[in-house]
Structure formats: C-alpha cells, structure tokens
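According to my numbering, the sequence shown holds residues 732 to 1181 in order.
Since the hints were derived computationally from the structure, they do not count as laboratory data.
Don't take each hint at face value.
Straight-line Cα separation of at most 25 Å, BS3-like style, residue types lysine-lysine; simulated pairs [what the hints assert, rightly or not]:
#, residue 1, residue 2
1, Lys782, Lys933
2, Lys899, Lys967
3, Lys921, Lys933
4, Lys783, Lys1009
5, Lys974, Lys783
6, Lys944, Lys823
7, Lys779, Lys1039
8, Lys899, Lys953
9, Lys1038, Lys1013
10, Lys817, Lys967
11, Lys1126, Lys779
12, Lys823, Lys779
13, Lys1126, Lys921
14, Lys966, Lys921
15, Lys967, Lys933
16, Lys966, Lys783
FRET-style restraints, in silico, Cβ to Cβ [claimed, not checked]:
#, residue 1, residue 2, range
17, Gln969, Asn991, 50 to 58 Å
18, Ala1120, Thr938, 42 to 50 Å
19, Glu1011, Ser896, 31 to 39 Å
20, Leu1028, Gln843, 39 to 47 Å
21, Arg986, Pro1140, 50 to 58 Å
22, Gly964, Arg919, 34 to 42 Å
23, Ser1017, Ser975, 30 to 38 Å
24, Gln843, Ser975, 53 to 61 Å
25, Ser985, Ala908, 20 to 28 Å
26, Gln969, Ser999, 21 to 29 Å
27, Ser999, Arg919, 31 to 39 Å
28, Asp980, Glu1098, 20 to 28 Å
29, Ser896, Asp1127, 43 to 51 Å
30, Glu1098, Gly1173, 21 to 29 Å
Glycine is no exception: its CB is placed at the ideal position from the N, C-alpha and C atoms.
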Amino acid sequence: MKEHVKTALLTFLILLSFVQTGLLWYSSPSYEGNKQLYVTRPQIGSEKYNKKQMYELVAPHQIIWHHGGATAWILPERNGYDNLIKSLHACKLENLHLITPTAEQWNQLYQQATGVELRYFRDVPSEVISAFYLDDIDLSQLKWVSRIWVFIQNNQIITWIISDSEQKVMQAQTTIARFHSVLGEIARQKMEPVDPFYTTDKFPLDTASPVPKFPHAFYLPKESVPATERVYGLKKIQIDAMKSWLFNDPTLISRFTTQNRSVVYTDSARLLQYDNQKQEMKYTSSAKATEPASPSLELDRINRFVKKHSGWTGNYLLDRITQNSENATNHYHFRLIVDGLPVYWPTSIQSKNPDLDPFGIELESTEEEVSMYQRSLLYLSSDPQEVNAVRLPNKDGVLNLLNRNHIAPTDVRDLFLGYQTEIMGNEHVKLKPVWIVMRANGDPHILPTG
C-alpha cells in the first residue's frame, strides 16, 4: 500500500515539474516582445559641429586684432580664430587681481599695444568666463564680463578682464604657448581693417585727469565691406528621431493633440511638444532644481546632452543667458553662426520679440539633468546652393544709417555684421548680410540698407 502511495506521489511530482516548466517557458518574454525597446536612434547633425568642447561654445562672436593702433576683425571660422581660441583657453593666468587703470594705460592699450580684444555683444556672467579657461580661476570680484584684452607689454603677456557695467578690471600675468606665432599667423592672413568709434568721452584720454569712465568703442570698416548673400536648402529633423533620443522607453509614450493642434508626447516624467506648423519642439522634464548649479557645470551638461544626439546642426555659440522667471534657473540661448556671422530674423519679426532666434537652440539644466530643450526642427544644408557677392556700407555709410534710424552712437553697445534670414517657400532660405546694432539695453536692431 505504501509503495502505491509513493509511486502515485512521485508521478504527481514529475507531472507537476513538467507543468511548471511549461508555464515558465510560455510566460518568459520572447525576443520579439523586447525588440521594440532597442530603438534605432538616428544621428541628427553633422559630426563636424558635434566635437565642440564647452569653452568653444562660450567663445566670443567677435575678436579685434590690435597692432600699434591698427585694428582688424577676427571672426569665427576665419583668420585663425579657432587656433587663437584654443591658445587662450589653455593659457595660464597668474596673480589675478583688481586694478584701476590710468588714462595713460588706456591710451597705450588702444593706440600702441599688440594683442587681441575678445568682445561679447552682451555682458556675460563671470562664472561663464571662468568656464572658458582650462585652469580654475577666481573671478568672484566681478559679476559680469564685457570684454577681455590680451596684450604684450614689456615682453610680457598681460590679460585684462573688463566689466564695463561695473567699471572694474582684473589683471593677470599670462603664459600662452606660441602667442607671438599665433598673432603672426593672424597678421599674415587677409583681414578687414576697421576703425574704433568711441562712444564715451573724447579719446585719447587726458592723462592729467582721473578716468571718468572706461573708454568704449565699436569698430567700423574703413572701406565698403565685401560680403556674400547665400541661399541654403532647408533640412528637417523628424520628430520621431527626437522622440527616440529624449524618451528612455518608447513603449511608455502617450500622445495627444492640444487645442492649437500641437502634438504632445509624454511618459509622465517627460513631455515633448511638437508644433508642426512652426516646425518647433519643446522638451521638458519633471526635474526640479534644488539648489543653483554653477554655469560651468550646466553648460558642460548641456553640451554633452546635445552632442549625444548630434543636435548641434551648425556652428552655434552662446548668445546670452537669461533667467527663467518661474524657477530662477539659467536659460541658455545659442545662436547660429554662418561664415563667421550671427544669423537673425528680419527687423519686422525681431522688433516684436528680440529674443527670437531663427534656427535657435535654448536649454535649461538642473544639477542633475537638462530640464528644458527648445529648438527649431529646421536647419541649413551643409553647403550653400547659391552664393552672390555684395558690398555693405563703410564707416561713414553706417553712421548715416544710424542717423536715419534715429539711433544715437552713444546708445550703441556694439555694431557688427550679421545675416538676416528670408524664408523662400518650404525648402530654401536666403541669408542676406546686414549691419546689426546691439543697443545699450541689449536689444538687436537690423539697419536696413535699402
């Protein structure tokens, strides 16, 4: 009897093991079920623009070459700009301290010194300038930086970090590898000669009197400026490509349409809004800033985030930093640079909202992750389909344009060449070279030449 019970029990256990094995076999997820999690993520922009390091993003849009009173432009993508920026990034700054420059020092700087003047169109937080240098430097005695002079004095290299708004200068003894060679390389290339136009007191300064205000100038060409009008094909980033990069698991995305017909994708932690009519997108995450992060950390995180999907679809430079009024986080605006010149909307659009950037990229970051990413989904083809030579007015012509537009030279922070966009249908855009005024309040204004 016992033997029969044992046999029956053994048979039952064997059958049970087969059942359990079958259940495990059939309940295990198949490769096909998981395959959708391994999404092919297309690279978006060219590798060429996605090798930038952080210091290259915060480099100035314009550098002025100085040599014994002669001055010329050094623009991005031209005249040895990249080599110069690389050399300045790696330089050593020692004995950095506040100074009070005399009138004689200012006169020598503008009229006799050999060196370069890095110019920012808007004041930049000093912490961002700290991020430009390879070594850690302490600029805590400045809140803002307007420009940086690097010049040779008595066979030594000196750096002045200048805040025009605070009327402060920090000076440092500077070591730059091959600085004379870099300057020589720039001098041998064709540059556009320019003259300074001083917006402050009469220059040169009276050496017998205290300096009432730091001398400030913008630079205008002596002769009419050769430039090019360009036509580019328009390319488009597919929203599905952005979804594949911005969401961790595409199977968790919900989709709905808003009243203004924008499409919204969300996985509850992240939200992507897509405006098909404007070809724009805005991504936000639920990450909240718990404490302010340094701009250098935020910019590094932003650069790595965009480079991950090759999102720099052209040569972009930091244009300005504003504050998000809702959460007091830094809002970083990056502007497209084409052939060394910044790209702007026409006056009719720009005047309504100076913050609008054609092909612009804007981001915010917490101490943990990028929390906002807004951009146009349109970008320019690699090469222009059409290039036409034009000329823009010289110094006298530009001053006449200022007068016709009722802009006093004293209200000009900077004046520079840029491109104005003209959309041609759905597939092309024309970039027209123009003079752009950056007013004292930080708003850009395009000077119509017609």
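A quick look at each hint next to the structure:
Between Lys782 and Lys933 the alpha-carbon distance is near 45 Å, which puts this suggested pair outside the 25 Å criterion. As the CA atoms of Lys899 and Lys967 are separated by approximately 46 Å, the hinted pair breaks the 25 Å bound. At most 25 Å may separate the alpha-carbon atoms for a hinted pair to count; Lys921 and Lys933 exceed this at roughly 31 Å. For a cut-off of 25 Å, the pair hint linking Lys783 to Lys1009 is broken: about 28 Å separates their Cα positions.
A hinted pair counts as satisfied when its Cα atoms are at most 25 Å apart, and Lys974 with Lys783 qualifies at roughly 24 Å. Restraint check for Lys944 and Lys823: the C-alpha separation of about 29 Å exceeds 25 Å, so the hint is violated. A C-alpha spacing of about 13 Å is found between Lys779 and Lys1039, which places the hinted pair at or below 25 Å, so the restraint holds. Distance check on the hinted pair: Lys899 and Lys953 sit about 31 Å apart at the alpha-carbon level, beyond 25 Å; violated.
As the CA atoms of Lys1038 and Lys1013 are separated by approximately 17 Å, the hinted pair is consistent with the 25 Å bound. Taking the CA atoms of Lys817 and Lys967, the gap is near 32 Å; set against the 25 Å cutoff, the hint is violated. A hinted pair counts as satisfied when its Cα atoms are at most 25 Å apart, and Lys1126 with Lys779 does not qualify at roughly 36 Å. Taking the CA atoms of Lys823 and Lys779, the gap is near 28 Å; set against the 25 Å cutoff, the hint is violated.
With a CA separation close to 19 Å, the supplied pair Lys1126 and Lys921 stays within the 25 Å bound. Our distance criterion of 25 Å between C-alpha atoms is broken by Lys966 and Lys921, whose separation comes to about 33 Å. Proximity of Lys967 to Lys933 is assessed by CA-CA distance (about 51 Å); at most 25 Å being required, the pair is judged violated. For the suggested pair Lys966 and Lys783, the alpha carbons sit about 22 Å apart, so the restraint of at most 25 Å is met.
A beta carbon spacing of about 21 Å between Gln969 and Asn991 contradicts the range 50 to 58 Å that was offered as a hint. Judged by the Cβ atoms, the range 42 to 50 Å given for Ala1120 and Thr938 holds: they are separated by roughly 45 Å. At roughly 33 Å, the beta carbons of Glu1011 and Ser896 sit within the given window of 31 to 39 Å. Look at Leu1028 against Gln843: about 40 Å separates their beta carbons, and that is inside 39 to 47 Å.
The beta-carbon spacing between Arg986 and Pro1140, approximately 54 Å, falls within the hinted interval of 50 to 58 Å. Restraint check, Gly964 to Arg919: a C-beta distance of roughly 35 Å satisfies the suggested window 34 to 42 Å. The beta-carbon spacing between Ser1017 and Ser975, approximately 20 Å, falls outside the hinted interval of 30 to 38 Å. Taking 53 to 61 Å as the suggested C-beta distance range, the pair Gln843 and Ser975 conforms, at roughly 58 Å.
Range check, Ser985 to Ala908: about 55 Å between beta-carbon atoms, so the 20 to 28 Å window is missed. Distance hint check for Gln969 and Ser999: the Cβ-Cβ separation is about 24 Å, which falls inside the suggested range of 21 to 29 Å. At roughly 59 Å, the beta carbons of Ser999 and Arg919 sit outside the given window of 31 to 39 Å. About 24 Å separates the C-beta atoms of Asp980 and Glu1098, a value consistent with the hinted range of 20 to 28 Å.
The hinted window of 43 to 51 Å between Ser896 and Asp1127 is violated, with their beta carbons roughly 30 Å apart. Between Glu1098 and Gly1173, the C-beta spacing of about 28 Å keeps the proposed range 21 to 29 Å intact.
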